[in-house]
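Trainee: These are the residues of each chain, in order.
Protein chains: 2
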Amino acid sequence: MIKNITNVRGIKCWGAHTGVKSMRRDLAIIYSEVPAAAAAVFTQNKVRAEPVEISERNIKGNNKAQVIVCNAGNANACTGEQGRLGAEAMVKTTARLLNIPEEDVIVASTGLIGEPFPTEDVVRGIEENIPKLSDNTKAGSFVANAILTTDTFAKEGFVEFEHDGVNIHMGGIAKGSGMIHPNMATMLSFIVTDIAIDEKLLDKALRYCVDRTFNMITVDGDTSTNDMVAIMANGLAENKKIEKESDPGYILFRDKLQEILTHLAKLIVSDGEGASKFIEYKVSKARSEEVARKLVRAISDSTLVKTAMFGRDPNWGRIIAACGNAGVNFNYSKVNLFVGDKDKIVQVLEKGQPVDFDKNFVKKLLRDSQIRVHLELNTGHETGIGWGTDLTTDYVMFNSVYTT
Amino acid sequence: MIKNITNVRGIKCWGAHTGVKSMRRDLAIIYSEVPAAAAAVFTQNKVRAEPVEISERNIKGNNKAQVIVCNAGNANACTGEQGRLGAEAMVKTTARLLNIPEEDVIVASTGLIGEPFPTEDVVRGIEENIPKLSDNTKAGSFVANAILTTDTFAKEGFVEFEHDGVNIHMGGIAKGSGMIHPNMATMLSFIVTDIAIDEKLLDKALRYCVDRTFNMITVDGDTSTNDMVAIMANGLAENKKIEKESDPGYILFRDKLQEILTHLAKLIVSDGEGASKFIEYKVSKARSEEVARKLVRAISDSTLVKTAMFGRDPNWGRIIAACGNAGVNFNYSKVNLFVGDKDKIVQVLEKGQPVDFDKNFVKKLLRDSQIRVHLELNTGHETGIGWGTDLTTDYVMFNSVYTT
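Sequence lines, in order, name chains C and Z.
Each step along the first sequence adds one to the number in numbering that gives the first Met the number 0, with nothing skipped, and position 123 is 122.
Each step along the second sequence adds one to the number in numbering that gives the first Met the number 0, with nothing skipped, and position 190 is 189.
Don't read these hints as lab results, they were simulated from the structure.
Just to be clear, a hint being listed does not mean it is correct.
Since the list gives no way to pick out one identical chain from another, each pair is judged satisfied if it fits inside one copy or across any two copies.
[What the hints assert, rightly or not] Straight-line distance between alpha carbons at most 30 angstroms, and here's what the computed DSS-like set of lysine-lysine pairs gives: (1) 350 x 255; (2) 255 x 239; (3) 341 x 20; (4) 137 x 243; (5) 45 x 284; (6) 243 x 363; (7) 91 x 239; (8) 293 x 45; (9) 265 x 203; (10) 362 x 20; (11) 45 x 358; (12) 59 x 333; (13) 20 x 358; (14) 362 x 45; (15) 91 x 350; (16) 341 x 59; (17) 333 x 45; (18) 45 x 350; (19) 350 x 243; (20) 203 x 350; (21) 63 x 363; (22) 199 x 239.
All chains should be built: construct the whole structure from the sequences, respecting the hints.
Mentor: Printed below as a string of structure tokens:
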């Protein structure tokens, strides 16, 4: 039996079809029976959807939340006053029916940008479905499906670990960031756990992990108006509350959170639109983690690298040139570069000079759907890892279809 | 009769085939009979080709130059000591044969990255072709062709204007920045003029114009290891030397330089690999030119906008989301957006709200190969303009072919 967010103590949820989308579920509600410490990170796009503004305000207010409510099919972005009122109606309705403060509601939307927000449908959906909140496993599946847009599969993760003599549960769901027609897709992820942890530490752990997971994936290099990662920790595991970074429970929790976010981030890349390959990029022996991560992002975002990967081309010139555009200094004459599939990897550069490798063999490795690119800087001890897709003719076709 | 750089007083040139490339001309030499004020801007990629380092040092040394020597077919990038010696040999040979100081040589390369530099061929080519330097019009054509790599046509520009009672001539050539297999293409442009101008002002004018021309074009968003724009002004027009920014001749000169660089920049975009459309992006009524230019670059670089253009899709959501990723603040609720072809343009957003426009009509306009996108910010009086291509399935196919 696969466990999901319903296996976290005190978590009930439901995912339903309200009619905003024609066929699939389009309303997700995740509820904690008790108020939870909460933290979230939001899109860095300057154009932000209405629910993003409200959720950020609510979480900043008291670092608490008790429910996440999310609709799919309409992003409530670029919708102005009408959209703001719609997002507020979602919050008010949810808070009223659950008898909790409005400040404890996290609200999110995903779907089309710039369409009038279907407030009536969504509010009616909330009213009809809050009574159905359940901790049955299928409710977890429903909610994972209800946040999807063009994703081809639901993305769930669950980890369980012992701390302070009790079993801690953590479950999460996500939806994809691949570009979708007719507008940008949202990257959403909602995590729940029953650990007891100080809300500032929760926030710190979340930011740490998001920087190393969701911020290290790329499908098309843009961020949407709606991106959000939120976590609620309701403390029902009744461990001694983690209050300090020096508490060994903090690092344990953060590791487990990173594990689940890595899992979800990789699932998102796997579902990248029009992609034919999943590529893991590693930059190691860097003088800082930040330098390593910036280089990973520059390589994985490069159109030229992505088309080379589609073409099974171990084109080290493009990889090195992408590094040169990363905005960080690195010593080209020290780098080693390796390219391969999930099992075998071949060195193509040694201290910046081409290695006489077997091109046909590497080309064969690059036929695999899982590719690895590994750059050693040899100037330190830090590592950055990220994940991306190739750029395919299918991607261009998908994204060029007239839809507005 | 079309005029070219050979119509600039004192300029002689030649473009020849030395054998580095199999068929086409691959060595360009542009010589001024007298030492000229010189300025140049170079790639911002951290990985820089050997000739870039040498040319920057030479120009910084005395702000003078007398010859530009450029080979095509081998970029002399990532070539280490062997490449450095090759670039130095180009400089030494050229200086010796012309009997000028080595510091007055600008050297450039374009072509494959990471291949051993064919020093012997290039040096022999220089020796054989310096005696052929000529001010015949065909020499101008030869030199424009000799810097090309996968460009499908030579790019030349020429302007003539009166200042201080004399006729001033300015001519230039360029090659494209579209990604090419197997490695990144270089953007190169060389300009010569017979105006007499202070070298610091020449540098200032060049930077001003490059920011508004070559820095405002995008084919695939990367900069190469070899990019260079260089200008020589030899003063043979014998106008009273322009010494101050307040000299009316300065602005006139700068305007003409911007005109010629705009022309060349647009030609480069027109020749973008696999592109089916030429798109002009304008952001107007901005509070600063910098904000306007940043937004233009963010829109024109967006993979999502580029695929929408390929698909003839007036997808304003993608354009607005790209603006949100530009790293500048703008008030979305004030923007007007227009999309159209070179003749007609249609408003699709009014103060951030969708306009009920005729989608089929706009779709029809977007069939044109020349598209315009115009964003009005309504928060000031400044304008930025840039040019880009669409992203096509052909682009992906071109760039995914195995070539390493």
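Trainee: Tell me, in ascending order, the numbers of any earlier hints that this structure violates.
Mentor: 1, 3, 4, 6, 7, 16, 19, 20 and 21
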